[in-house]
Amino acid sequence: MNTIHLLDIALIFMVLSIIPCIHRIIKGPTIPDRVIAVDALATVIVVMLGVYSFVQESVFFMDVALVISIIAFVGTVTIAKYLDEGVVF
Amino acid sequence: MTTLITKTITKICIPLVSLFSISLLLAGHNNPGGGFIGGVMFASVISLTYVVFGLNYTKSFFNPSWDKLFGAGLLIASLTAFGAILYGNNFFRSSIKFVDIPLYGEIELASATLFDIGVYFVVIGTLLHIFKNVGEDK
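If you read the sequences in order, they're chains A and B. Per our numbering, the first sequence starts with residue 4, numbered consecutively. Per our numbering, the second sequence starts with residue -16, numbered consecutively.
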């Protein structure tokens, strides 16, 4: 018997919330708009992986979520410093 | 000039991410993880240190030669690949052994872990050598 759980509905809404992020990445007038959109996209994907790990009852997706969040953090900090000062190092 | 918040967060991140990279390295070859992604994690946290604290300030107390690490890792990986020939097996043949450690239980020793350690050093050496030399270029 197929039942729709609450977590499945949450996953559907998270997929829908990716669409405005991609819209902002494509049409964003300035570079900081795109950077913030990429960071929000990474956050949505991390939360999706956490919820999907509960749905599948598997812990393997948590490693992927941790890796994506660390790489997104390092990239955001680097781009923020570059946009603020003009140099990276 | 980076803010105090970023510096404090970086100081917290360095030991946690290093431990996570080693855990990914040792969990490889039958779980998610492996040498490549562990090396990428370690290189990302060291490059975060370079970015936040500045390249010249970081090099004044922490300046290993990453290109030698690249060579050492390539040597470990290729010696693991050739080591199977000494035992009369094919090139790149891996072996596995289960060892019983008292008070802990049974652990699994695989020769694929040695190859993963080589890949780990190669990835760290390549990424950080490129990162440091691009940063020094004026």
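None of these hints come from the bench; they were simulated from the model. Hints may be right or wrong, so weigh each one.
Derived pair list, reagent style DSBU-like, types lysine-lysine, alpha-carbon separation capped at 35 angstroms [claimed, not checked]: (1) B:Lys(-10) <-> A:Lys84; (2) B:Lys(-10) <-> A:Lys30; (3) B:Lys42 <-> B:Lys(-6); (4) A:Lys84 <-> B:Lys80; (5) A:Lys30 <-> B:Lys42; (6) B:Lys42 <-> B:Lys(-10); (7) A:Lys84 <-> B:Lys51; (8) A:Lys84 <-> A:Lys30; (9) B:Lys80 <-> B:Lys42; (10) B:Lys(-6) <-> B:Lys51; (11) B:Lys80 <-> B:Lys(-10).
Hint by hint, here is what the structure shows:
1. B:Lys(-10) <-> A:Lys84: holds (13 angstroms)
2. B:Lys(-10) <-> A:Lys30: holds (33 angstroms)
3. B:Lys42 <-> B:Lys(-6): holds (16 angstroms)
4. A:Lys84 <-> B:Lys80: Not OK: Lys84 (chain A) and Lys80 (chain B) at ~49 angstroms, beyond 35 angstroms, violated.
5. A:Lys30 <-> B:Lys42: violated (40 angstroms)
6. B:Lys42 <-> B:Lys(-10): holds (16 angstroms)
7. A:Lys84 <-> B:Lys51: Holds, at roughly 30 angstroms.
8. A:Lys84 <-> A:Lys30: holds (23 angstroms)
9. B:Lys80 <-> B:Lys42: Not OK: Lys80 (chain B) and Lys42 (chain B) at ~42 angstroms, beyond 35 angstroms, violated.
10. B:Lys(-6) <-> B:Lys51: holds (26 angstroms)
11. B:Lys80 <-> B:Lys(-10): violated (44 angstroms)
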